[in-house]
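Chemist: Listed below, chain by chain, are the residues.
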Amino acid sequence: MKRITAPVISNRSLMPETYLLEVDAPPIAAEARPGQFCMVHCGEGYFLRRPLSIHRAADGLAFWLRVVGRGSAALAGLHPGDKVDIIGPLGNGYSVRPGARSLLLVAGGMGAAPLAFLARKALREERSVTLVIGGRTRTQIYPVEMLPAGLHVVVVTEDGSQGEKGLLTDFLPGLVRNADQIFSCGPVAMYRAMRQIVVDRPVQVSMEAWMGCGMGACYACTTLTRQGPKQVCRDGPVFDIQDILWDEI
Amino acid sequence: MDLSLELFPRHPKGLRLKNPIIAASGTFGYGNEYADMVDATRLGAIVCKGTTLEPRPGNPQPRLLETPSGLLNSIGLQNIGVGAVIRDKAPLWATWPVPVIVNIAGETVDEFGELARRLDGVPGVAAIEVNISCPNVQRGAQEFGADPEQAALVARAVRDATSLPVIVKLTPNVGDIVAVARAVAGSGADALTLTNTLRGMAIDTKRKRPVLGGITGGLSGPALKPVAVAMVYSVYKAVDVPLIGCGGIYTASDALEFLMAGARAVEIGSASILNPDAAVRVIDGLGQWLIEQRVTAVTEIVGIAQGEDRSGVAFYEHH
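Heads up: the protein sequence lines correspond to chains L and W, in order.
The end of the first sequence is residue 249 by the working numbering, with every number in the run present.
The end of the second sequence is residue 319 by the working numbering, with every number in the run present.
One or more of the hints may lead you astray.
To be verified - Heads up, simulated DSSO-like pairs for lysine-lysine below, C-alpha to C-alpha not over 30 Å straight-line:
1. K83(L) x K2(L)
2. K206(W) x K230(L)
3. K230(L) x K121(L)
4. K208(W) x K230(L)
5. K2(L) x K13(W)
6. K121(L) x K2(L)
7. K83(L) x K121(L)
8. K2(L) x K230(L)
9. K208(W) x K18(W)
10. K165(L) x K206(W)
11. K208(W) x K13(W)
To be verified - With beta-carbon atoms standing in for the labels, derived distance ranges:
12. D88(W) x G77(L): 38 to 46 Å
13. P173(L) x T205(W): 56 to 64 Å
14. D85(L) x R199(W): 48 to 56 Å
15. R117(W) x P98(L): 49 to 57 Å
16. D85(L) x P57(W): 52 to 60 Å
17. A189(L) x G14(W): 55 to 63 Å
18. A58(L) x T216(W): 43 to 51 Å
19. T205(W) x E145(L): 33 to 41 Å
20. E145(L) x I291(W): 58 to 66 Å
21. R192(L) x T216(W): 26 to 34 Å
22. R117(W) x Q196(L): 46 to 54 Å
23. E54(W) x P98(L): 39 to 47 Å
24. R124(L) x E54(W): 47 to 55 Å
Said to hold, decoys possible - Interface residues of chain W toward chain L, partial, derived using beta-carbon atoms under 7 Å:
25. E33
26. Y34
27. V38
28. G221
Hints listed in this document are in silico derivations from the structure and should not be mistaken for laboratory results.
Please read all numbers here as calculations on a predicted model, not as lab measurements.
C-beta: ideal position from N, C-alpha, C; glycine also.
From just these sequences and the hints, can you work out the full model?
Modeler: The structure is reproduced here in structure tokens:
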């Protein structure tokens with residue numbers, strides 16, 4: 001965990017309301033593992049850092065972010081050369097078993113951000129990787145041409161504007177059969193649906209939460225698990241799907 | 001240049017702090033969460049997470065949001081319970097060169113007394129800070145601290161149950177803060193913290209519902225600072241115990257406002273959530289200011305703004 005005042009290398013809009021923010025922060029990038037995140041200071045007049053999952057940690061540290069409020073709008077407005085105060089990497093990250101040959105990554109919308117990082121690493125380790133990305137419409141789907149070669153990509157949109165038409169979970173039964181391990185990032189409603197479909201495979205999910213400190217001190221981001229209340233920032237953000245008390249959160 | 005002070009002059013044992021900067025309850029965990037980011041042993045003291053008799057899971061999500069110039073939280077006193085604090089945390093604190101103060105919260109007067117009794121004589125616990133912003137379940141969930149009589153009952157119950165120094169942390173959600181402060185100081189408190197968070201809420205206009213899982217929350221951060229400074233200023237001359245200022249302190253200049261208004265020490269809260277080293281930066285800035293101003297001891301400026309004498313105002317500042 002490091003705190004760096006990092007210069008912005010580039011910041012460009014890939015799709016409506018989403019930005020690929022790339023900063024020069026080698027000490028954080030060197031430590032970063034897929035599924036970890038950073039707490040990013042939005043500048044003067046902001047009183048909470050924003051948690052951003054790490055999208056890439058080679059050739060600069062990259063975040064793929066969507067503008068959802070004041071803080072993310074400020075980050076979207078950063079220009080090359082601007083300085084940004086970042087703490088990271090934080091959290092536990094995904095844990096891939098050494099013997100897992102075939103991985104299925106399940107991304108709901110922006111959930112492709114950390115999973116693209118995981119896919120790159122797993123492909124380098126010569127594992128077979130399938131990434132399924134779901135969204136309402138094509139403007140919510142991560143640009144497929146930016147994903148690494150060798151990755152098997154399945155796109156599902158509710159309106160059929162790109163890839164298969166339907167809900168991402170409609171296509172999971174056929175995809176889980178070959179997976180040794182499943183990794184997911186998306187909304188809670190998607191995880192709830194996945195739980196019914198994927199019953200006999202180990203699944204790790206990344207929980208989203210409104211955070212305060214990012215280090216387990218403020219107890220803002222608590223989620224409820226079979227092991228008691230846990231901090232998403234410090235104990236997660238990645239949890240076993242079986243551990244979250246889905247009916248109570 | 002001397003930053004040190006005695007926090008509890010009325011208490012037989014007292015507690016000498018190396019500087020007047022204290023980490024506020026709820027924003028500094030149990031003292032070691034930020035260990036990679038800041039040397040917490042440099043602080044004057046640390047107040048741990050609000051502690052109840054039994055562990056509490058806290059409120060539903062979301063619990064924390066940014067507001068104009070502040071934060072709104074409804075954590076709901078999630079904590080590990082006093083038993084785990086005594087068993088798992090205090091032995092660690094006993095080895096630290098920084099005093100740790102345990103913040104306690106109860107739902108009845110008896111619960112406060114029981115918490116204080118359990119913590120009495122535990123190595124690693126330097127003092128108790130009493131959170132009287134909690135709802136009094138026997139009084140329609142009104143805050144204990146909103147009523148001078150109820151606040152005094154809590155202070156007395158804690159005082160009678162422990163030999164440790166007792167700080168009472170007042171709530172700003174009150175008509176007459178001076179009346180509450182007098183009642184509490186007259187019931188055995190060794191110091192008062194002013195103040196806890198101000199009650200507030202936010203509505204999600206898209207969902208047409210309250211934003212916070214706990215419906216209402218506590219406002220902290222810069223928006224609270226003028227309110228808290230005014231309360232310190234008002235209470236200073238009304239009581240004979242030290243005051244600890246708390247509310248929106250991010251810089252040494254913020255801390256100086258509280259000290260000059262009458263606080264002997266200050267607590268840094270929300271600023272630590274933004275920057276884990278905020279409190280240490282305030283210590284450095286305060287030391288620097290004292291050197292620049294040729295003030296030999298920080299205690300010399302406590303309450304200095306209370307004076308009638310306006311000679312400290314340079315002539316040309318009026319023009």
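Chemist: Does each hint fit the structure? Answer for all of them.
Modeler: So, going through the hints one by one against the coordinates:
A threshold of 30 Å between alpha carbons decides the hint, and for K83(L) with K2(L) the separation of about 16 Å falls inside it, so the pair holds. About 29 Å separates the Cα atoms of K206(W) and K230(L), which keeps this hinted pair within 30 Å; it holds. Pair hint K230(L) plus K121(L) holds up; C-alpha atoms about 27 Å apart against a cutoff of 30 Å. About 29 Å separates the Cα atoms of K208(W) and K230(L), which keeps this hinted pair within 30 Å; it holds.
Proximity of K2(L) to K13(W) is assessed by CA-CA distance (about 40 Å); at most 30 Å being required, the pair is judged violated. With a C-alpha separation of about 22 Å, the suggested pair K121(L) and K2(L) falls inside the 30 Å cut-off, and the hint holds. As the CA atoms of K83(L) and K121(L) are separated by approximately 28 Å, the hinted pair is consistent with the 30 Å bound. Taking the CA atoms of K2(L) and K230(L), the gap is about 23 Å. The hint holds against a cut of 30 Å.
Only pairs whose Cα atoms come within 30 Å are accepted, and K208(W) paired with K18(W) is rejected, the gap being roughly 49 Å. About 28 Å separates the Cα atoms of K165(L) and K206(W), which keeps this hinted pair within 30 Å; it holds. Of the supplied pair hints, the one linking K208(W) and K13(W) is violated, its CA atoms being roughly 54 Å apart against a limit of 30 Å. Separated by about 44 Å at the C-beta atoms, D88(W) and G77(L) satisfy the suggested range of 38 to 46 Å.
Take P173(L) and T205(W): their Cβ atoms lie about 39 Å apart, and the range 56 to 64 Å is violated. Checking the proposed 48 to 56 Å range against D85(L) and R199(W) shows it is violated: the Cβ atoms sit about 31 Å from each other. Separation of R117(W) from P98(L) is about 52 Å and conforms to the stated range, judged on CB atoms against 49 to 57 Å. Hint check: D85(L) to P57(W), Cβ distance near 32 Å, so the stated range 52 to 60 Å is violated.
For the pair A189(L) and G14(W), the supplied restraint of 55 to 63 Å holds, since their beta-carbon distance comes to about 56 Å. For the hinted restraint 43 to 51 Å between A58(L) and T216(W), the CB-CB distance of approximately 46 Å keeps it satisfied. The hint said 33 to 41 Å for the Cβ distance between T205(W) and E145(L), and at roughly 38 Å that hint holds. Checked against the given bound of 58 to 66 Å, the beta carbons of E145(L) and I291(W), roughly 59 Å apart, stay inside it.
Taking the beta carbon of each, R192(L) and T216(W) are about 29 Å apart, inside 26 to 34 Å as hinted. Between R117(W) and Q196(L) the C-beta distance comes to about 50 Å, which sits within the given range of 46 to 54 Å. Here the CB-CB span from E54(W) to P98(L) is close to 42 Å, well matched to the stated 39 to 47 Å. Between R124(L) and E54(W) the C-beta distance comes to about 49 Å, which sits within the given range of 47 to 55 Å.
Satisfaction of the interface hint for E33(W) is found here, the shortest Cβ-Cβ separation to chain L being roughly 4 Å, below the 7 Å cut-off. With a least beta-carbon distance of about 6 Å to chain L, the hint placing Y34(W) at the interface is held under the 7 Å criterion. Taking 7 Å as the C-beta contact cut-off toward chain L, the hint placing V38(W) at the interface is violated, the least distance being around 10 Å. The beta carbon of G221(W) comes within 5 Å of a beta carbon in chain L, closer than 7 Å, and the hint placing it at the interface holds.
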